[in-house]
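Could you build the full structure based on these sequences and the hints that come with them?
Here the sequence shown stands for residues 1 to 466, where the numbers follow our numbering.
Be a bit skeptical, because a hint or two may be false.
Unchecked claim - The calculated DSS-like cross-link candidates involving lysine-lysine, where the alpha carbons are at most 27 Å apart (straight line), are:
| id | residue 1 | residue 2 |
| --- | --- | --- |
| 1 | K433 | K458 |
| 2 | K49 | K61 |
| 3 | K49 | K361 |
| 4 | K361 | K433 |
| 5 | K222 | K255 |
| 6 | K361 | K458 |
Derived by calculation from the structure, the hints in this document are not laboratory data.
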Amino acid sequence: MIKNYEPTACTTILIGKGASADGSTIIARTEDSPNGVFNAKKMIVVNPKDQPRHYQAKISKVDIDLPDNPMRYTATPDVDENHGVWGEAGINAENIAMSATETITTNARVLGADPLVENGIGEEDMLTLVLPYIHSARDGVQRLGDLLERFGTYEMNGIAFSDVNEIWFLETVGGHHWLAQRVPDNMYVTVPNQRGIEAFDLDDTENFMASADMIGFIKENKLQIDEEFNSRIMFGTHTEMDHVYNTPRAWSIQKMLTPQVQHEPMDDDITFAQKPDHKITIEDVHMIMSSHYQGTEYDPYGQLGDETTRNLFRPIGINRNCELSVLQLRPNMPEDKMALQWLAYSSMPFATLVPIYTQVKDIPAYFRDTTLRVTSESYYWANRLVAAMADANYSEIIPFIERYQLNTLGMAHQHVHVVDRDPQADLELANQKFANEIKDELETLMDQVLMARSNNMKNGYSRSDN
Numbered sequence: 001m002i003k004n005y006e007p008t009a010c011t012t013i014l015i016g017k018g019a020s021a022d023g024s025t026i027i028a029r030t031e032d033s034p035n036g037v038f039n040a041k042k043m044i045v046v047n048p049k050d051q052p053r054h055y056q057a058k059i060s061k062v063d064i065d066l067p068d069n070p071m072r073y074t075a076t077p078d079v080d081e082n083h084g085v086w087g088e089a090g091i092n093a094e095n096i097a098m099s100a101t102e103t104i105t106t107n108a109r110v111l112g113a114d115p116l117v118e119n120g121i122g123e124e125d126m127l128t129l130v131l132p133y134i135h136s137a138r139d140g141v142q143r144l145g146d147l148l149e150r151f152g153t154y155e156m157n158g159i160a161f162s163d164v165n166e167i168w169f170l171e172t173v174g175g176h177h178w179l180a181q182r183v184p185d186n187m188y189v190t191v192p193n194q195r196g197i198e199a200f201d202l203d204d205t206e207n208f209m210a211s212a213d214m215i216g217f218i219k220e221n222k223l224q225i226d227e228e229f230n231s232r233i234m235f236g237t238h239t240e241m242d243h244v245y246n247t248p249r250a251w252s253i254q255k256m257l258t259p260q261v262q263h264e265p266m267d268d269d270i271t272f273a274q275k276p277d278h279k280i281t282i283e284d285v286h287m288i289m290s291s292h293y294q295g296t297e298y299d300p301y302g303q304l305g306d307e308t309t310r311n312l313f314r315p316i317g318i319n320r321n322c323e324l325s326v327l328q329l330r331p332n333m334p335e336d337k338m339a340l341q342w343l344a345y346s347s348m349p350f351a352t353l354v355p356i357y358t359q360v361k362d363i364p365a366y367f368r369d370t371t372l373r374v375t376s377e378s379y380y381w382a383n384r385l386v387a388a389m390a391d392a393n394y395s396e397i398i399p400f401i402e403r404y405q406l407n408t409l410g411m412a413h414q415h416v417h418v419v420d421r422d423p424q425a426d427l428e429l430a431n432q433k434f435a436n437e438i439k440d441e442l443e444t445l446m447d448q449v450l451m452a453r454s455n456n457m458k459n460g461y462s463r464s465d466n
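As structure tokens, then:
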């Protein structure tokens, strides 16, 4: 399975500490591959001795010297390294989290004013170049911004950073420019492959950052088309692709978390930051990232609507999900237990979330040692096998999936409670213990799904020989 050079298409949700159930900052993103491509993923720890001091990108060939003092960090890179690292999501030794990247849109006016840079940096590179060296979310914005201004980028992306107090979201603007906004503490943010930031004020340095010449860039190229500075209007798009591929996902998330806000799936004015009706939990994030428009005429597995409506919009929980990392930084916890990277592989409607303590030097082999060869001994491949079988008999098999998800998420919370309360807990052993438990649960599910699929094979016949 070869990595496509196209940027991946993902879905991001960012949850401020005042909007989450326990005061955590949470950034989460599904990493999705391009159509027809399925990228095997693994989770690793990159220790300082393994971090390069000189970096060369596989795709753009850009050469960058790196500092001599990297921190340890987690990452979820591709198994196939022929097209680069694609580290995607992780948390460093100082409990700073980064998710890179959400592919976003831009318009021709911006690309004409600041063209993309063929030998710049991109999604392949950003986590490796930034996460080991930053000490706060704001610091992450500044380091990546400096790299973008110096080397440029060949694609349009949104990148999330968080620490235990703040979340920042950076959007690239053309080849060398960028704009970042701090997520309000009492709000959540939705980013479905579309430029999100709306009105901004660069005099408000507590909440906005940008490339040094941003105002001059806007004025010189006549990008301002109304009275306020609005990034989505000046730099973004409102195409038919947006209306069927992007905006419906923002509509779906906000329908779940803020149902009184009235929007239609194709609306261009679905807000970037929204207040939730209730404090958001890890289970809410799992439900959001598994969404395929359940209960609406747009659900590909549903009975409402018709074949046209059921396949009209691109789901969040799609067959091309590679992995989901939910990066949770918890207040009032010891530094070694503050960070959890909740991990899921493959198509999210059929997967569960696994909590992994990140202040460790290694990851359990079940999550780490994914091969390019399909094997049920790999957590990645076991999940993809379950999803492929379950999809074909969705209505019959979904009860097994739902019981598995409820059971394993309950086990996950119990596991975290036990480890959190043990001052002597060995976090690597704790991660390994839960890896063993989740392997048993997933193998039981695989047995159930395989049996159901086998009984529904086309060559079945009701009369038997005994």
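Going down the list of hints, with the structure as the test:
no., hint, verdict
1, K433 to K458, "violated, 40 Å"
2, K49 to K61, "holds, 23 Å"
3, K49 to K361, "holds, 11 Å"
4, K361 to K433, "holds, 16 Å"
5, K222 to K255, "violated, 36 Å"
6, K361 to K458, "violated, 49 Å"
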